[in-house]
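K.L.:
Throw the hints in and build the complete structure from the sequences for me.
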Amino acid sequence: MMASSYNAKEEDGHHSVSAASGPSAGPSAKSKKPDNTAFKQQRLPAWQPILTAGTVLPAFFIIGLIFIPIGIGLFVTSNNIREFEVDYTGVDASSPCFTCSQTYSWNSSIPCKCAVSFSLEQPFESNVFMYYGLSNFYQNHRRYVKSRDDSQLNGDKASLRNPSKECEPYRSHDNKPIAPCGAIANSLFNDTLELFYIDPNGTRTQIPLVKKGIAWWTDKHVKFRNPGGNNFNLTVVFQGTTKPVNWRKYVYELDTDPENNGFVNEDFIVWMRTAALPTFRKLYRIIQKKSNMTPTLPRGNYTLDVTYNYPVRSFEGRKRMILSTISWMGGKNPFLGIAYITVGSVCFFLGVVLLIIHHKYGNRNNSADIPN
Amino acid sequence: MGSLEVWSLIKQGWRRKPEQEDKVRRLISNLPYEDLRRKYQPNRQYANNSIKTTKYTVWSFIPMNLFEQFHRFANVYFVVIAMLNFVPIVNAFEPGVALIPICVILILTAIKDAWEDFRRYQADKQLNNMPCSIYSRKEKDFVSKCWKDVRVGDFVKVVCNEVIPADILLLHSSDPNGVCHIETANLDGETNLKQRQIVRGFAAPDGSFQPEYFSSIIYCEKPSNNLNRFKGYLDKPDKKKIGFGKENLLLRGCTVRNTDEAAGIVVYAGHETKAMLNNKGPRYKRSKLERKVNTDVLFCVALLFIMCLIGALGYFIWLETFPDIPPFVPPDSNNNYISPALSGFYMFFTMVILLQVLIPISLYVSIELIKVGQIFFITNDIDLYDEETDSRIQCRALNITEDLGQIKYIFSDKTGTLTENKMVFRRCSVMGIEYCHRENALRLGAQCETISDDEDIVFQKPKVPSRLQYRQKKGISSLRRSQSARTHMGARYQSEVFTITNEVAFSSPLETDVAPDRRLLRVTCDEKTQIQEWCRVSHCNGSASFMDFFLALAICNTVVVSTAMLPRQRVSRLQSLLKRMGSLSHIVNSFQSIPEKSSKSRSSLKDVKEEEAEDYSDSGSNNPSRRNSSASHHSEEERGTVSDPNGLCYEAESPDEAALVYAAKAYGFTLLARAPDRVTVRLPQGAVLSFEVLDTLAFDSTRKRMSVVVRHPITREVVIYTKGADSAIMELLDCHGRSNKRKKIASKTQRHLDLYASAGLRTLCIAKKVLSEQAYDDWASIRQEAESTIDNREELLMETAVHLETNLTLLGATGIEDRLQDDVPATIAALREAGIQVWVLTGDKNETAVNIAYSCRLFNQGDMVFTLNTDSRSILDCTLGEVRRYTAPSQSWSFQSIVGAVMPTESTGPTFGLVIEGRTLSMVFEAHLQMKLLELARHCRSVLCCRVTPLQKSAVVKLVRNKLKVMTLSIGDGANDVNMIQTADIGIGISGQEGMQAVMASDFAITHFKHLKKLLLVHGHWCYSRLAKMVIYFFYKNVMYVNLLFWYQFYCGFSGTAMIDYWLMIFFNLFFTSTPPIMFGIMDRDISAETLLGLPELYKTGQNSEFYKRATFWIVMLDAFYQSLVCFFIPYWTYQGSDIDIFTFGTPMNTVSLFTILLHLAIEIKSWTAIHWGFMVGSVLLYFIVALIFSAICINCNPPSNPYWIMENQMADPVFYLVCIITTVVALLPRYIIRVLQGTLALSPLVQARKLDRLSTEARDQQIKNWKSQRSPSEVPTNLVSPVDSFSNSFEQSFYNSSLEREIRISFPSCSLSFRLQFLFCTNIQYRSESTSFMKLFALCISSLKYCSFLDFTSY
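Top to bottom, those sequences are chains A and B.
Quick note: the first sequence uses UniProt numbering, first residue 1, plus one each step.
Quick note: the second sequence uses UniProt numbering, first residue 1, plus one each step.
Treat the hints as calculated values from the structure; they're not laboratory data.
A portion of the hints provided could be inaccurate.
[As the list claims (entries may be wrong)] To be clear about the criterion: a stretch of chain B counts as covered by chain A if any three or more of its residues have a C-beta under 8 Å from a C-beta of chain A, and this derived list gives those stretches:
1) 1046-1056
2) 1213-1220
3) 1245-1251
A virtual CB, placed ideally from N, CA and C, is assigned to each residue, including glycine.
P.N.:
Written as structure tokens, this is what we have:
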């Protein structure tokens, strides 16, 4: 195409030049007759659909017939998901965490503890995922999102010593580079949640929470790496760096398990995957099903022990703990099911309307088309 | 004649420019300074002949190209945005990433520019190294050098068929007459030869040329691009000044023909030559659509501003809501927190960067690409290819293709545009006696069926037996065959000899063979016997007028003679022979010099006569066709074998001249040779007369005539032969003549002229004047003076010419037919059906123009035609008003169609035509009656302006264009149409008989008027609908996509976060969704060409800009908002409250918008070819492949989005697919439903036409017929008739056929307003009502125009 444009310009701009080259460039034996090909004559065989009621009717009915069952399936699946949410922010004075929320700030040194009790009306049968949820926390703020150094998190030693400028002002502290740098890491969620089942007889049983497998496999194994490769002595590896200002521990003290320490700490990884919306949940722990006989979480009373470290008052946020079973379509969300049912119905309805239109007008047109 | 007119016009135009007379170029010969260093060269300050048309050098390419590219606003915008991104406080993306789009565009453009420049470089190099001969003092001869070595002041020799390397002042020619013929085809496309003369006084008697002895100083004007202006003088060492002009200048780029060699001194070289100064770049016009696009881009800018403002305010408010500084609002790098107000301010710019795509910068690139593609298809259309000249349609303007689909007014030239401009001699009137050349008419019979009806009426031609007609047609077909054979031969010549680029003009047998009128032939034959007597009688008596008439035809022209076999090699032998015996003492050649030839030619004449007699007599012959073809074969053979004189070939600047010369030849008056000072004619008896040409008063458009002043070889009288427009000649006749006879002749001739004109013939008057020796000498001295002046020489020359051309004696008049081109009536009918108003602007006289207008169906027989012809302002004023008042009410539909109603309602009654004369037109402009005229013209079906000057033509176009605000198109073939072509929105040039000026000035160049139909109705419609839809789609696409980001701002605190990976975002616009719309813009075919041609009214959609209105823009904007809302909120609600991260959240949105955007296009695509499928599927595949690969390999690249494994994760999640499906369905549902309803209810003609397209060919044709009868019953009157009326109808039809015509003429002292109408006696109520309204009008006119002095009612 470029070439043909060029030729057209050539004829204009260089008329006398090319012409002046005279006999040599003059008449050529080749005829200028355009090729009589379907492409050049714009006669390529083509499918020319005309959208009329008659032709699209089936499509509407098919969409309706497919969407409604899908919607019902989704809706049922979503309804089968057990979900329980408890807000432990402590906004109300009656709330057990009220004192913690009032007094606590990033600089406090002594952890504040509180316990929230709740009861489950229905047992949770399969694996239960335990989330912590934050509201009004804009993890998607542009400058917040940018404030990280992926190559540092990927174990790059140079970046460890010299983090990216994007991390400013959480790049260095006391002339030492911060590991992990940036605002995201700095604001790491650091409440500790523990779940206890209260037997009807009053004994507290701690429910085992699994902290592995909560992050994406690829994040844990590829994207996030501790510097120094397989050197498990993280203290040495991270020597010369300092902790983020809001942190109480160094990054190599996040966990005792070397597989889950440093940058590959799964809680850390989960936090670093910034949430899309200001109200979000993040996977905290998994409660695995023990046996087929007993439900993972039987109905009854529970206590959530919170080590209240994370202040949310500055942005009027809320903190929640969410227990949820999970299906193939993720967590509980009836929206998709309802949407499918609605759209399916609408399409079906439109199909009917079009059918009427088709009968009223389509025939008239057809009769006009074919002369008698 | 047209081209002559033009030349003078252009001259006038140029004269108006301020002249810089004080600046003169002075130069001397280089020879004495040969071998000296450059700084001693006398002419060193002038440019040398090496040319450089390249823009760049290797080193300057990058900076200069960048500089040029940044002249475009779009690129600057891009760069500013990218630069903004480097400011840390406002940046939205990685700074480097933002540079990608601009870099891609800049690099692509740069590569294209570099390639073009390289091609130019190669062309320059080739040109610079062409060989030429330059005189060297050392060698004492011409040595071969390159073009680039030529300098101003050099002596250069050019041999025959060589291209002239620089502008050379001609000092030497091998031609004994001191002339040199050049072909200027490379400059202006005219293939006829032009004569150039040696500067006076330089003709060496022995034919040798010695540059060493050239010691004059040349003064000439500064280089200018005016091909027609060049003057200066030579300052000889003896202080004598010799003037020279453009007839002494050989122009660079022209080719020397018919002259063995020529030499001269270079005055301008290289870039200062006229050819190079005329070499301008391509034209740039901005199309209507593009202007509209620009305003809509401004809307987008406003939208962007509002959105950014919302973002900035939102951010400010959002920050204010927090009691304390939240942890997710990081401080700046110095650990300071910026105040919310300032943050909001910065956020505005961040938003600009984020939402920049809202302004569709890539739209401009896409439009350019699409136009290239559209032009590719237009130029490749085989229907617009002309086999005869082997030329395709040329698209000279690259960016107004879509304007072709929006034309409302067409302004057409007549001669050469509607007609072929192949002049055929039809009739003549000599001394008041009409010779109708029936034989010739019969010969041409078959070709002029279109106007034969008229002729029947006017001339009461006796009905020819049908059988004879049949025979004649057969004869014609064989004639045609021989013509095509000849053409073929001509083509072979072209390839072998490399001398001609075009076939020799005006030489097809159709035009050259004139069958002489037997009556006239007899008269001339009789007169031949009087020749001796005539020789003795000094005074010209009446009977000699026949001689004079034909002599005038043969002599009074500027035709160049060459032989047919070697078209460009002049008969130099014959010429030198003539020269030798042509000294003034020799008057008459010996009759015996060519006796056998003459006898032979006479016998051949006799043969023809006999054959024709046979043709008439034996109509009962068994096998007429064979006989006839053999006869023509025979005559062809004869033509091939006869000696030189019969093989003569005439090349004229205007076809009329050639036609006249051929006509004279048919009567035995053969023009043998023409030199500047000598014309040789062979008389029927074989005598060869050689006239000394004393002067030639060339044609110009103000005088409208030309004359030659010759000395009669026998009588020694000074005779002036004049030919020109009848109006120009009739006024100059010797009225107070001695005899009444002259007056009688004049009035008779005038009547004949009127007849000719009403038959659509072009008329010319031939007159003569004998001048006394004394008078001539007086005049000659004045003339000499005029010639030697430098200032206002043109005016003086004209004055002298006017002086001489007085008291003429009328000899006769000629009628030349200019035949209509193929399919002109059909084309005009189709264009009119398409809602296009066709105006014809012609310089021809009223009657001729009106008749052509009838024959090409510009006016229909039933039309009421108003002729405006007045000088008086007040009368014109009230006439316009009255006529309008009458036309307006019944023509309400045409008004509606202007306003934009879809369909014209049934139009009852006759339509109106308006004929306006140039005189009246200038009155209209002077008296500011333009609006009234337009108001009237709007109600008229067609408007015909006759006797208009080129300037008036452009004034009319400008008037309509500016006042009615409509798209106009001008089409013409001659240089007199150049103004009009340049004024109109689209100028179309017809590369026909009259050179290339029109083509050079045009935007599109076609070969036939009929091509206009397909060009407008099909390509225009396609180009417009494609581009309009594409542009709308492009706006939609960008707004829809960008709004996704905008909606997200409400959920990310207006912080300017993009939830889509920036690379994918760039690629989205650059690769994933860019090619389908471009392909759509180039290739989509909503309706097939056949249907478009069959139903011209479909064109109206383009005229009314139905594809792209302001409303369309806003509707598509609404749709874009809706779709983006759907594409954002369905994923939003799906993932609301979940643990999804930003870029995982963005992926389904990106995917969904890709689907939506592509499927939206899919709804708009009307025809799916394999290419469409390829692009659509390819785009989707490309997206997924790129996204998958990108997120698989990008582990920690591209912060902050870092898309590692996101796509893979999403594609493993069934919810992703569920979201994609439902979102796409919901997003497209409204548009789909609307399209379905449109398709079902089929209210728009386009949809109906598309339905027709699906039928088989026959069914479609049938449907198209039905449609037409349905839509416009008035076009097919038979449909109106009910069976009850059948009897009365047949009665009416019979009247209709006999065309009972009434013309009512109302004449006023200073104005004449005439109504001409077909008055139908009919029983049909419709017509009756019309006739009553006619009477009303009639009464109205009489009552309102009180000036009425007498009423003249004539009816034929």
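K.L.:
Determine for every hint whether it applies to the structure shown.
P.N.:
Hints, verified against the model:
1. 1046-1056: holds (count 5)
2. 1213-1220: This one holds; 5 residues, not fewer than the three required, reach chain A with a Cβ under 8 Å.
3. 1245-1251: holds (count 3)
Checked against the numbered hints given earlier, this structure breaks none of them.
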